[in-house]
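Visitor: Single-letter residue listing:
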Amino acid sequence: MTAADHQPDAPMNERALDRQARAEQRNLMALSLPAFILVGSLVLLPMGWLFWMSIYGADGFTAENYTRLLHPSYKKTLITTFELAFLVTGLCILLGYPLAYLASQLKPRMASLVLLCVLFPFWTSLLVRTYAWLVLLQRRGLINNWLMEWGLIDTPLKLVHNFTGTTIGMVHIMLPFFVLPLYASMKTVDYDLMKAASNLGASPVRAFWQIYVPLTLSGLGAGVILVFVLSLGFYVTPALLGGGRVMMWAMQIERSMAVYADWGAASALGVVLLVMTLGILWAFARLTGAIGATEGK
Amino acid sequence: MLNRPATDTQVTHLQRLWLYVLCGLVIFFLIVPTLLVIPMSFSDSRYLDFPPESWSLRWYRAYFNSPEWLQATAVSFQVAFLTMLLATATGTLAAYGLHATRARSSRYMTVLLTLPMIIPVILLAVGIFLTFAPVGLNSTIGGLMLAHTILAIPLVMITVTAGMQNFDINQEMVARSMGASRPWAFLTVTLPQIRNSVMSGALLAFIISLDEVVIALLIAGGDKATLTRRMFLALRDEIDPTIAAISTLLIAFSVLMLTLSQILQSRK
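Sequence lines, in order, name chains A and B. With the UniProt record's numbering applied, the first sequence covers 1 to 297. With the UniProt record's numbering applied, the second sequence covers 1 to 268.
Each hint should be verified, as a subset may be incorrect.
Said to hold, decoys possible - If you want the ones that stay clear, here's a sample from chain A, every Cβ over 10 Å from chain B, calculated:
id, residue
1, Asp59
2, Val114
3, Asp192
What the hints assert, rightly or not - Listed next, with one range per pair, are the computed distances between beta-carbon atoms:
id, chain 1, residue 1, chain 2, residue 2, range
4, A, Leu217, B, Gly179, 46 to 54 Å
5, B, Phe28, A, Tyr66, 53 to 61 Å
6, A, Glu24, B, Gly24, 34 to 42 Å
7, B, Thr114, A, Ala30, 55 to 63 Å
8, B, Pro67, A, Ile37, 54 to 62 Å
If you are wondering where the hints come from, they were derived from the structure by calculation, not from laboratory data. Bear in mind the structure is a predicted one, so any value in this text is a computation, not a measurement. Cβ coordinates follow ideal geometry from the N, Cα and C atoms, glycine included.
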């Protein structure tokens, strides 16, 4: 058989192969169909429905559900929610960055021990951990008892059922989410760069701030965004440790639904939370995308 | 020893002693408060003093003698087991398909399937309640399983996809060039090699379902209340010391699961 004999068939063969390849890609994509049906029917459709309910009432289209959110009590909830999210994120940076930094420099055996300590709360039930704080921080709890025994205070401190208790509990819940991505990015830092900075006369402090911190910025950003977004929509810990005095956005949603059965308010509150969450994530993705692009140049 | 340099920039251990102390305190903060529940659960007093003045199994008896708590525990474990099966199957299939395909739309699909991890759980709960109401799935084991499965799918996918990174998909091509069909190649060549990742994903799915509070709070009433729902309501109204005993049992279970997952990790 010569090359000339083969020629006429080639385009057809290619087309057939092409078709086969496309069919195969389709089949592979179809494997994600069961998962997609579940997520589609229980997440995507209900979110759409929620949005519809927030703008369509008994008398047609309405903006009433949103204008009602301008009421001062909702404004207060929004401020509390952001205050808590900022405070928790800030404390996670202060406590988590040093821990991830040290863990990333330890010998493998020690490092895995430290990581195990970070993973342990991750695998322990959220309710169990919140319960532990409730017991420790309450009026007659361990911490108040000890402080009084040592004569540091005369009357029990109000540590729980308020903003303080909520913050302590939330930091405890969020810290693993912050440390794990940060640790992963710190493991990739090239320490020769620190040596080079040192050789060029930078003090250790300067080398840390000018070389090390910028190199770990992507992990830090991922941790910060994760903690911030999770805190914004958090329900369980503020509901239990806040004792009704810390009203978060998520609690407002649960309340308008379970207590008042007010679907218009619940859906509008929900849409606002969804837009805030997705907006922050989108902005972050754009920002890191931009940083990634300039780094590539 | 303390004067030896600890970093490449010649900072000595002594100079960064504060770092060791701070990290020690942070680890203490992460671990100890939770563990204190264990000795407290053996206290004889309603106020769960520490260290307990007198020890007893009073709260464990209270738990094992309560039909409500036991039923809630049974519901939780049933749901967690079913969630594990469904989420592992659908999540692994999706992770494999999206990893193996070169279709451009696979990236969008991945983002869509990880959405349940990003959307606040309270919103998922409200949405699921709305969807289940007309079809009567609220307060059923099946409904809880479906709801928890969507939470677990992203975690299974992430774990399995991570496992696939270490696996050369061309091995499957070799098997197929020798006559194996694609499903057969997956089952005999790929699956055995990503087995540990799949099992890690399954453990995660189980624990996610067992720990889930918010969705159960909204959709699981009556005799289908989960353990976490009952615990949450009991904690909100009044601190029932029985919860200390339940918490200790749950901590023991978490340690077991964490150990299993670490064993699976080390075998990878």
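Visitor: Tell me the hint numbers this structure goes against, listed in increasing order.
Guide: 2, 3, 5, 6, 7, 8
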